[in-house]
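Asker: Given chain A, work out where chain B should sit, using these hints.
Sequences listed follow chains A and B, in order.
Here my numbering is used: the first residue of the first sequence is 60, the next is one more, and so on.
Here my numbering is used: the first residue of the second sequence is 148, the next is one more, and so on.
Treat the hints with care, since some could be wrong.
Pairs of lysine-lysine residues, derived as DSBU-like cross-links and limited to a Cα-Cα distance of at most 35 Å, are as follows [as the list claims (entries may be wrong)]:
#1 B:K267 <-> A:K221
#2 B:K237 <-> B:K267
#3 A:K155 <-> A:K221
#4 A:K155 <-> B:K237
#5 B:K330 <-> A:K155
#6 B:K330 <-> A:K221
Keep in mind the hints are simulated off the structure, nothing from the lab.
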Amino acid sequence: MTRGRRLRLRVFRVIVLVLGGAFFLVPIGAMFEFSTRGNHVGAPRTLDAWTTIVTYPDLLGAIRDSLGLAAITSVAMVVLLLPTMIWVRLRLPRLKRTIEFLCLLPLTIPAIVLVVGLSPVYRWMAINLVDTIFLLSFAYVVLVLPFAYRALDAGLSAIDVKTLSEAARSLGAGWGTVMFRVIAPNMSSALLNACLLSVALVLGEFTFANLLSYLNLQVEIFQLGLANAGTSIAVSVASLMFAFILLVILSFFGRARARVAPERAGLPFPGAAGGGLR
Amino acid sequence: MTTAVAAAGVGTAMRAGVEVRLEDLRRSYVGVSALDGLSLTLAPGELVALLGPSGCGKTTALRLVAGLEQADSGRVIVGGEDVTGQPTNKRDVGMVFQAYSLFPHMTAWQNVAFGLQMRKVDARRRRQRAGEMLELVGLSGFADRFAHQLSGGQQQRVALARALAIQPKVLLLDEPLSALDAKVRARLRDEIRRVQLEVGITTLFVTHDQEEALAIADRVGVMQSGRLEQLGPPTTIYSRPATPFVAEFVGLTNRLAGVVRGGDVEVRGTRLPLVQPDVADGPAVALVRPEAVTFADGEDTRPGPLVGTVIAIAFLGATSRVTVDLGDVTILAQLPTSDASAHPAGTRVRLALRPDPVLIARDEAAVGRA
Numbered sequence: 060m061t062r063g064r065r066l067r068l069r070v071f072r073v074i075v076l077v078l079g080g081a082f083f084l085v086p087i088g089a090m091f092e093f094s095t096r097g098n099h100v101g102a103p104r105t106l107d108a109w110t111t112i113v114t115y116p117d118l119l120g121a122i123r124d125s126l127g128l129a130a131i132t133s134v135a136m137v138v139l140l141l142p143t144m145i146w147v148r149l150r151l152p153r154l155k156r157t158i159e160f161l162c163l164l165p166l167t168i169p170a171i172v173l174v175v176g177l178s179p180v181y182r183w184m185a186i187n188l189v190d191t192i193f194l195l196s197f198a199y200v201v202l203v204l205p206f207a208y209r210a211l212d213a214g215l216s217a218i219d220v221k222t223l224s225e226a227a228r229s230l231g232a233g234w235g236t237v238m239f240r241v242i243a244p245n246m247s248s249a250l251l252n253a254c255l256l257s258v259a260l261v262l263g264e265f266t267f268a269n270l271l272s273y274l275n276l277q278v279e280i281f282q283l284g285l286a287n288a289g290t291s292i293a294v295s296v297a298s299l300m301f302a303f304i305l306l307v308i309l310s311f312f313g314r315a316r317a318r319v320a321p322e323r324a325g326l327p328f329p330g331a332a333g334g335g336l337r
Numbered sequence: 148m149t150t151a152v153a154a155a156g157v158g159t160a161m162r163a164g165v166e167v168r169l170e171d172l173r174r175s176y177v178g179v180s181a182l183d184g185l186s187l188t189l190a191p192g193e194l195v196a197l198l199g200p201s202g203c204g205k206t207t208a209l210r211l212v213a214g215l216e217q218a219d220s221g222r223v224i225v226g227g228e229d230v231t232g233q234p235t236n237k238r239d240v241g242m243v244f245q246a247y248s249l250f251p252h253m254t255a256w257q258n259v260a261f262g263l264q265m266r267k268v269d270a271r272r273r274r275q276r277a278g279e280m281l282e283l284v285g286l287s288g289f290a291d292r293f294a295h296q297l298s299g300g301q302q303q304r305v306a307l308a309r310a311l312a313i314q315p316k317v318l319l320l321d322e323p324l325s326a327l328d329a330k331v332r333a334r335l336r337d338e339i340r341r342v343q344l345e346v347g348i349t350t351l352f353v354t355h356d357q358e359e360a361l362a363i364a365d366r367v368g369v370m371q372s373g374r375l376e377q378l379g380p381p382t383t384i385y386s387r388p389a390t391p392f393v394a395e396f397v398g399l400t401n402r403l404a405g406v407v408r409g410g411d412v413e414v415r416g417t418r419l420p421l422v423q424p425d426v427a428d429g430p431a432v433a434l435v436r437p438e439a440v441t442f443a444d445g446e447d448t449r450p451g452p453l454v455g456t457v458i459a460i461a462f463l464g465a466t467s468r469v470t471v472d473l474g475d476v477t478i479l480a481q482l483p484t485s486d487a488s489a490h491p492a493g494t495r496v497r498l499a500l501r502p503d504p505v506l507i508a509r510d511e512a513a514v515g516r517a
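So that you can see chain A by itself, here it is in the shape it has in the complex:
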């Protein structure tokens, strides 16, 4: 590659990076700018809208509930989907298309239709079982299925599930061990991606919660926006930042897991040295 071409390529990359960054950062910057405006024209900058977040009791409760919902949904999704997908891949490959179709189905059904279908079930649960916002996690598991399925399917395709599971079985491992100690650790990136997508989706979910009359973060932001636009925008920026930071933490966590060898203290022989057949 000639020097001139390399330079042009570098300039092109910088331009793409700047444009892409601007596309995401300008609206967030504008939101932040708006949230720090005073109450009237010419008023000095203030962080009142941001400090209100922690003093606003309903908002804190909504944040807590949304985080709880995100955690429950992620765990439920993994527990439901991962063993199912591994089992289908190993023992029932002819069902793969059916499972894929079922998992992708929620994408094609409008949220309002799902809510209309689910509302009698929720009404029954609220009357006969317990009325808590965490019941929403049932609906959210359905909602995240298409995204989680795609992420997990990519992870499973990247490893030789059949050979690994047969090797583990021949060494005495039961199915639980095969799934959670052999297969799952080898698709940790896919699991993290699936969880992240679930968390992001749950934290941003409005329609289900609003129509089923539960108060989650987005519903609270919406209501807050009617009363206090500055705080509403501040919470929106905060939740975006939270999702971003979570993404960074999870991706670093995933990389660190792949890099660090688990402990192997006190072995009777030295470390990597010596030759051998290559």
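Answerer: Frame of chain A; chain B shown alone:
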């Protein structure tokens, strides 16, 4: 290395080999029979290689012994115990797969120790045992490496150590060398045999490579269409094949038209004894090994049934494979390179057939082709 291993007490730590019996195993997939009444007994400490073309049922047989598949009928008996209905994880078998099967998130050491952990062996003993096993396969210096930091040959050696670490009753090797290049393959083959003899474990080795099977096994079982065509020591399989299929699958074979008469077969003017003399007289195709074809003494190259023109010479090292066009048929001869090089391509030669016992094929199509 052998001394070091003996010092580590690996040999004594291993369980003595047990008898493995496969009794009338049958298995079919969607109406297609993969195993059609396979019966086979492996003596304690014996290495039996199942050899055959793709789809002959050899891998199915191995998977039935491992419990990775269930037989439609028949029994698998390991060390006197009927394990037919037992799941894989309860069978006490060690297995090395064709595909690289090390757990990628674990180091070589952790892979080897995995089976021991499943058996709830305490941590101290686990470390010791995994160390011994890695030393046995010559990889003690690679204990901390992950699978992606090991070559293909090293991965298969760790897989072997992992399979042996649990002191299984039987070792199952499912084409463990097929993903490796030729040089590594030959070395690892010898390594597997050394370890197997050292440990004394009963071993079933599946391969489609005849050279591999003949080189490594105490006995070779040649399979076709879910059945054992012949089971015997490598020398017998090669020099006394029981069926035309075995003769043609193991080693190269010339198919020469002839006539069976009085317990012999007459091929191009030469009478050859038959492996199975009690066959009816009549036309047949004799299966003649290239090693049984030589250059005749003398300079006489007048037209005759075994006179032809050398059309190609393949150099194989100490020997060369010479292709001779006899006019109506092409014949292969495996000769010392010094003899072969004296007759370059284009030379007229007269061949002779050594009177080794030969097999005959009787099907009309074969006669027609020959």
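Asker: Which of the stated hints cannot be reconciled with the structure, identified by number in ascending sequence?
Answerer: 5
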